[in-house]
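**Q** Read off the chains here:
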Amino acid sequence: MNPTTIQEHIVEIVSDSGEGAQKCGQTFGNISAKMRNGVWTVEIIPAEIQPPARTPSGASGIRVRLGSKYITNVGNEGDLVVAFNEQVLYSRIANGAYKKGTIVLLDNRWATDPSTKIQQLYVKAVEEFRDHGLIVHELSIHEACLKVVKDPRKGKNMFVLGMLCRIYNRDREMGRNEIALTFAGKKEAIISSNQNLFDAGYQFAIDQLSEYFFDIPPQQGMGDQPMVVTNGNTAVGLGVMASGMELVSMYPITPATSASHYLADVFPACGGFVHQAEDEIAAIAFAIGASYAGKTACTITSGPGMALKTENLGLAVMAEIPLVIVDVQRGGPSTGLPTKIEQGDLLSSLYGMPGDAPKVILAAATIAECFSLVVLARKLAEAFRTPVIVLTDANLATGVQPWERPELTRDMLAPPLDQSEWNPQIPAYDWDKKTGLSQRPIPGMPNGEYVLTGLSHTKRSKVSYEAAENQQSTSMRSRKLATLQSTLTPPKIHGGEDGDLLVVGWGSTFGAIEEAVDNLRERGNKVSAIHLRFLSPLEPGLKDIFSRFNKVMTVEVNYSDDPNAPMITAENRRYAQLATLLRVQTLVDVDCWSVVYGHPLQPDLIEQALQGHLDTLNSATGE
Amino acid sequence: MNPTTIQEHIVEIVSDSGEGAQKCGQTFGNISAKMRNGVWTVEIIPAEIQPPARTPSGASGIRVRLGSKYITNVGNEGDLVVAFNEQVLYSRIANGAYKKGTIVLLDNRWATDPSTKIQQLYVKAVEEFRDHGLIVHELSIHEACLKVVKDPRKGKNMFVLGMLCRIYNRDREMGRNEIALTFAGKKEAIISSNQNLFDAGYQFAIDQLSEYFFDIPPQQGMGDQPMVVTNGNTAVGLGVMASGMELVSMYPITPATSASHYLADVFPACGGFVHQAEDEIAAIAFAIGASYAGKTACTITSGPGMALKTENLGLAVMAEIPLVIVDVQRGGPSTGLPTKIEQGDLLSSLYGMPGDAPKVILAAATIAECFSLVVLARKLAEAFRTPVIVLTDANLATGVQPWERPELTRDMLAPPLDQSEWNPQIPAYDWDKKTGLSQRPIPGMPNGEYVLTGLSHTKRSKVSYEAAENQQSTSMRSRKLATLQSTLTPPKIHGGEDGDLLVVGWGSTFGAIEEAVDNLRERGNKVSAIHLRFLSPLEPGLKDIFSRFNKVMTVEVNYSDDPNAPMITAENRRYAQLATLLRVQTLVDVDCWSVVYGHPLQPDLIEQALQGHLDTLNSATGE
Amino acid sequence: MFGIKADWSLDIQERYFTLDDYEGNEARWCSGCGDHAVLATTHRILRDAQLPPEKSVFVSGIGCSSRMPHYMATYGLHGLHGRALPLACGVKSRRPDLDVWVATGDGDCFSIGAGPWVHAIRYNMNMTVLVFDNQIYGLTKKQTSPTSPINLPTNTHPEGASLDMLNPNTVTLGITNASFVAQVVDWNPPLLHETLKAAHAHKGTSFVRIIQRCPVFVDGITKALQEDSSRLLLLTHENGIPVAPGVDRLFPESREHDPSNMAEALEIARDETTKDIIPVGLLYQNSDIPCYDELSSQGHNTTDAKKIAATHAALDTFAI
Amino acid sequence: MFGIKADWSLDIQERYFTLDDYEGNEARWCSGCGDHAVLATTHRILRDAQLPPEKSVFVSGIGCSSRMPHYMATYGLHGLHGRALPLACGVKSRRPDLDVWVATGDGDCFSIGAGPWVHAIRYNMNMTVLVFDNQIYGLTKKQTSPTSPINLPTNTHPEGASLDMLNPNTVTLGITNASFVAQVVDWNPPLLHETLKAAHAHKGTSFVRIIQRCPVFVDGITKALQEDSSRLLLLTHENGIPVAPGVDRLFPESREHDPSNMAEALEIARDETTKDIIPVGLLYQNSDIPCYDELSSQGHNTTDAKKIAATHAALDTFAI
Ligand SMILES: Cc1ncc(C[n+]2csc(CCOP(=O)(O)OP(=O)(O)O)c2C)c(N)n1
Ligand SMILES: Cc1ncc(C[n+]2csc(CCOP(=O)(O)OP(=O)(O)O)c2C)c(N)n1
Ligand code: SF4
Ligand code: SF4
Ligand SMILES: [Mg+2]
Ligand SMILES: [Mg+2]
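Protein chains in written order, with our numbering: chain A, 1 to 623; chain B, 1001 to 1623; chain C, 2001 to 2320; chain D, 3001 to 3320.
Calculated directly from the structure, the hints in this document are not laboratory data. Don't take each hint at face value.
[Claimed, not checked] Label pairs and their calculated CB-CB ranges:
(1) 3258(D) to 2238(C): 34 to 42 Å
(2) 1007(B) to 3150(D): 54 to 62 Å
(3) 1524(B) to 3025(D): 25 to 33 Å
(4) 45(A) to 3306(D): 33 to 41 Å
Ideal placement from N, C-alpha and C gives every residue a C-beta, glycine not left out.
Kindly produce the complete structure, drawing on both the sequences and the hints.
**A** See the structure below:
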């Protein structure tokens, strides 16, 4: 029988923590990527470190979205889920992860559990799932594994991988090889045992699930260019290495830390060092020290850490110290939702420091940009003598995607430490009046001696409280942003050049917004989207673009007042963060739709919201 | 001979530090206030603690502006200055403190100094001053003092006080009494010696300066209501006492510290305590702890301290802890200009915390408001269960003015600590869906036990990462601001209800802006002004008011890009801070004029700037 | 011990509290985590003291151990990473009637919280500070803490922690005004109970470093101690932590140590760094050191009339 | 001492440096301020060592004393209040070739900087730390500092400081990896010179607490010491700070102390708190403690080719 060709599927594997569902999904994702499918995987992580088994709150696992197109986000409801027990599905259902018709492949071992309570729970759950519209298949997965290994708790995941590879018509040999790669370095017996489980799972699916046999053709137009598969935090780590920075100074904080974990492993190979400081303040101060001494450094953190770095960030702005700050945004305010996604740090990055503290702010829209923007950030930091904040978020941090393997070039790297003689005629801040730019002496350069200070200072870095000096130095620091903006080009419009509705986004919502826009366009709506990477300075040409649409709105994962809520008026409505910025700069009545649900925005949620706005727009114009 | 009646004068006394010029000016100000003049005094403080004598950078002294009207600011150039040496005048001249025709009464002792270098410097300076248009009188002040006391370094200031009291026709007895009050507690001999110096000075002016004999009639319509004379920081301290708060938790920082110094002296008398913490982070955390325990506390700081408090401020917002934060703004960014004025912390107060952190922000426009807004802040903090930031600045902090003595009432004070039994049916955050308001249990209340947390939480303060819970709690925290706004009335318009130009201000520029507007109106311009005390939420009705003017602009002491500067375009111009806010909320093209000169805005500087905008406006409309 | 405290029985109805009255949400620490033992002991100490639950406040920072307030049925303040101590000091500052406890971790207290640690010891406010020292960052999943043993592989130091572990006791003892410094392991319930009880009874800041099991990330560290208890040195003294009969048999090594002897306390504390001999018991106690809360709470009962009068007096000095 | 260091003479023209080459802007401290003495001594030490001015970096926080970098003609980093140490550690981290000094005050280091203080001592990076301890906040005009004597009236404690002064030396000595702890007074130039010289020569973090005159705000504190030098205890030892002939006569009290003896160092340091006997000299030195900069600077000279190769290798592991 030939497989049914489908365009994409969303697959989940859900289990208790420690059962290897994540490794199963990652391997499945890698195989699919090698088969040139578009892939996005994201882990499902329980809130506790060791959650109790068989409980909704303990749901641990992975979602893999794969398709014939380039996949940029986690998608809507799942199509097929493999569950190691029934309880963990409850929380996924509560999160809206499934729809009527989602196929559930459930291990039926609990039906015959020695505990009658467990048996009852199992039976009840299966009923409820079916009532919910899920298509539940009770399968003897555990039993089948037992035929291959003694303890299926270790290994069931590879059995499931086999099942999935058959269901999605993956190359069987490639699957076996991927297992060998995954367990590289382990004993031969372990590898072959897992491969046997894989084979058994593959056969199991042929025997018992023949109705599910799909094929997802390779992504069109995707050539042979080399790809890598990573999450966003790893991409940040790779970006740090490729940029030639030598120091990451950090303090652990979720969801940023894994970038530093990764670097701690690999950074020394290119001469880099990860400094775990005693707190975030010391971490950024340490980085500033290194940058001052000529080795532009990077600090990686998240919300509460950003809050603590506020004062030092102001120093770096004032003293024009190049510095790269990666903020992996999480839910706020305060400790908030440490593992969840939010785009809540835009305004605090921009305006967080007392006084006037202009700096460059970039936001990564994709995992590949987690790499490339870090490389860019180091360059901008040095060229514009400024801290550069790179905003990513929990969605990018943990999402995994294949992306084009970057070509590494020498000009990505920091130039060698300049220790040549400085011309003492040139002041330490030899601001170019027009651009605000200047070159700077580095300790070790003879005749370049100057004293960096956070006090108001002259171009020779002498403390000065004179009105004219302060006005000038403040202008020069601001001017640099205008200069940078003058080198940028307007953002590309996704969709028509004019129309009814323009959606403006930034950060990790990129893929979901474009997907929603594409769907609406397919249904004949005149919707377009732009997505900003530069938030400070803003990309140019926005007002002009906005003028070509009846309505402009942002879609963001942060808080805005619902205009229809009690007490909220046009006068007091608090807007989403990018919308706030755009209103200041363009005076266009930029509306917004934003939520703080803590999870990545699903394309269909966006689609609904946009449809709502389109409907109002159409009824207003009498259509 | 009768004195010439004048409407107002600006008088300066300038000396080396330690010569008592400030005490002289303060006493002169007090006498004038008692004679029911409008008065504003501000100290001239050198940057160093012990600056070298006879140097421009060592200029220490005081400016007293007194008049027949209510005086709200430091004014423009001085009318008359008494200088203890010639060198200190250089820095005042450089600061634009004098004009052609300013009367300089200069101690001529340096003309006969043993050092010929000093003699030469003196002669050269007098020449330069005259070239500059100053009317210099070389007077034997030192010599005259020597006839009364052995060491005129101690006491010359009271001699000068006598001179000034005669020149401005102050009540002589009142002057002698004021000296007695100033030296209250000192030995009788000290008091009488100073009074003798005063008398000698008085006579000296009669003998040698009879051409300068002025009278400044009392402020019209000013009845007999009791007044106090203080600077803004003292007013903050008095406000803390009157509000019934019991704890100020602080860390020293200029220019905020003197408020805490004052409180350290007097607070214990009303049962209060000033805690000097180890740093600003511990200071606010300590205050949050006390507030959580039912005793709403206050923390007082300035820019760098605000930066450090960022994370804890986010906690207070998240956990809805009442708290009063007084930010005495100084020049930024970073360490900036520690003793100088700026209105640079509005946006960081509003947007400084990662995530969505709405809170109340008030700004004092006058010294009296430094008192009343602190009292209001405690009430709002408790009623709206939120931190309240009160913004003042270095200008208010050190400016001295008579203000109406407040009536103290019991309802200004915090209610007694509630330790009654809590109804356990009521959750710790029993948010009213419409208003976002809730009442809260206080430790010690039986059955009220709950755990405050900075994590996302349900109304029972249980940690929750659920989408709906986070959306709700975030909305409720935002809703409170809308609720507060609904209780406010639109700002009063100073000037006509419509016209060509509306100036919007906030904070200590109040008096200077209105003075400039009044001058322009007198010359027939259709200019009006509004001044905001509530910055978050914004006062209502702004859009409506703005619509009645051809142009709206803010005048602020913070940075904005000059629209005519190189590289600056309409698209990238960075606006002054209030202008930024108003643009977001009203979409009116609010322009701004702002500078970071570090000193209080002089009315004539504002007038010039406004005139410039009026000219453009008129030429644009073809007038 | 089981009676109602006299001053309480005056104002409120007589109440008798059981363990239930102190138990909050179900504890969500890993199984085998030492935090469970400390929690259970704390419940018992409050029950034994019959403290009304509304009068105790548990303050914490951020970390696994800082979840403790959620597991108490008292008031709680689950604050910010590193800020448990200043928050707790603030709670106590104007509310001397409240019974204040602090739960903090080795990262929370010794790394990001090092400044507050030094100064809270100086303030010596009346509170009980429990440092859950698992020698690792638990909540954020296995990063090096200041007390991680050198060479311990962690996620931030895959090749092993690079610094010798910080000795918290030598630092604490070096801080002027340190008034109660004890150390205990979580896995000996009677000794843990007696230690926390003594800490709670002490007037001033009682600093207790609890060597705590984290089987998930650093199982080996405490297992080695459990297996070779000769590395532990039990401190005995009539003024020390009472050692119940039988408990001493679990500690092959012991030493008589007078907790008023600072020089000896320092020497014993230092041996942990230089000789890997880990003291268990009361290192130092001095009950005569003034408590800052006695100062900070002065006037907390001032009447409105007096407040207004004092403010008037203050205004008078500026009257014209 | 006056020669050009061999490694420098290889790369650059032979230069001879005079005091001028190290003197920056005119110092703007008050007259009689002890900071002047420290500055002059530092100029001399650099001159004597003939260090090229461009190779030294003076890092400071905020305070009167933290203005020091402006008065040097070397590179300088006048940072933020309390952050001198992490800034300095960062400077050193990847530039082991730079000669790093830190100027900090008692407020800057022991109050807001207490966390960094504890951890910088632990890192033991190769730098010279001068704590200008005038026992008061100078720059902000007379607020209590952690080392202010109890009962000292200040602007924040008009009735007198309320806490016993913090003893910086007992804390520093209690921090694992402390490698050089000395104390000196600013008004004895030869001893100050020898102390700073020894500190500068030490490999690791040299912590020098300088008891410093602030005649403007707390004239009495140091005047009392100058008048009654019997409260000072001069520490002598062949491995200690060399005491020039004549200097010892200014110190009526002295004690032989081996700086390798930690227990004795602790005892001597504690006597400052308990007996008001203020030690002057080298309390402790251990040159065998590893320096973190040796670790943090590893690979600082890695070639571009190697960096690219390593990044490629990293990418390879994710290649599909
Ligand atoms: C300002 C800030 N920085 C970092 C974090 C992340 N964080 C949470 S807990 C923790 C360390 C936990 O270690 P420890 O204090 O030893 O407690 P444990 O979990 O081991 O009990 C860190 C780094 C945070 N929440 N806030
Ligand atoms: C974050 C921050 N808080 C407070 C201040 C204000 N401040 C400047 S210096 C100083 C204390 C100075 O005392 P110390 O460190 O002892 O130095 P000294 O002036 O006595 O040399 C303070 C509180 C500041 N600049 N930054
Ligand atoms: S990770 Fe460790 S410290 Fe945290 S709960 Fe689990 S066992 Fe306890
Ligand atoms: S105030 Fe004191 S410490 Fe500061 S410069 Fe003057 S004397 Fe020195
Ligand atoms: Mg820990
Ligand atoms: Mg000091």
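**Q** If a hint holds in the structure, say so; if it does not, say that too.
**A** Comparing the hints with the structure gives:
no. : hint                           : result
1   : 3258(D) to 2238(C): 34 to 42 Å : holds (36 Å)
2   : 1007(B) to 3150(D): 54 to 62 Å : holds (55 Å)
3   : 1524(B) to 3025(D): 25 to 33 Å : violated (52 Å)
4   : 45(A) to 3306(D): 33 to 41 Å   : holds (36 Å)
Of the hints listed earlier, the one the structure fails to meet is number 3.
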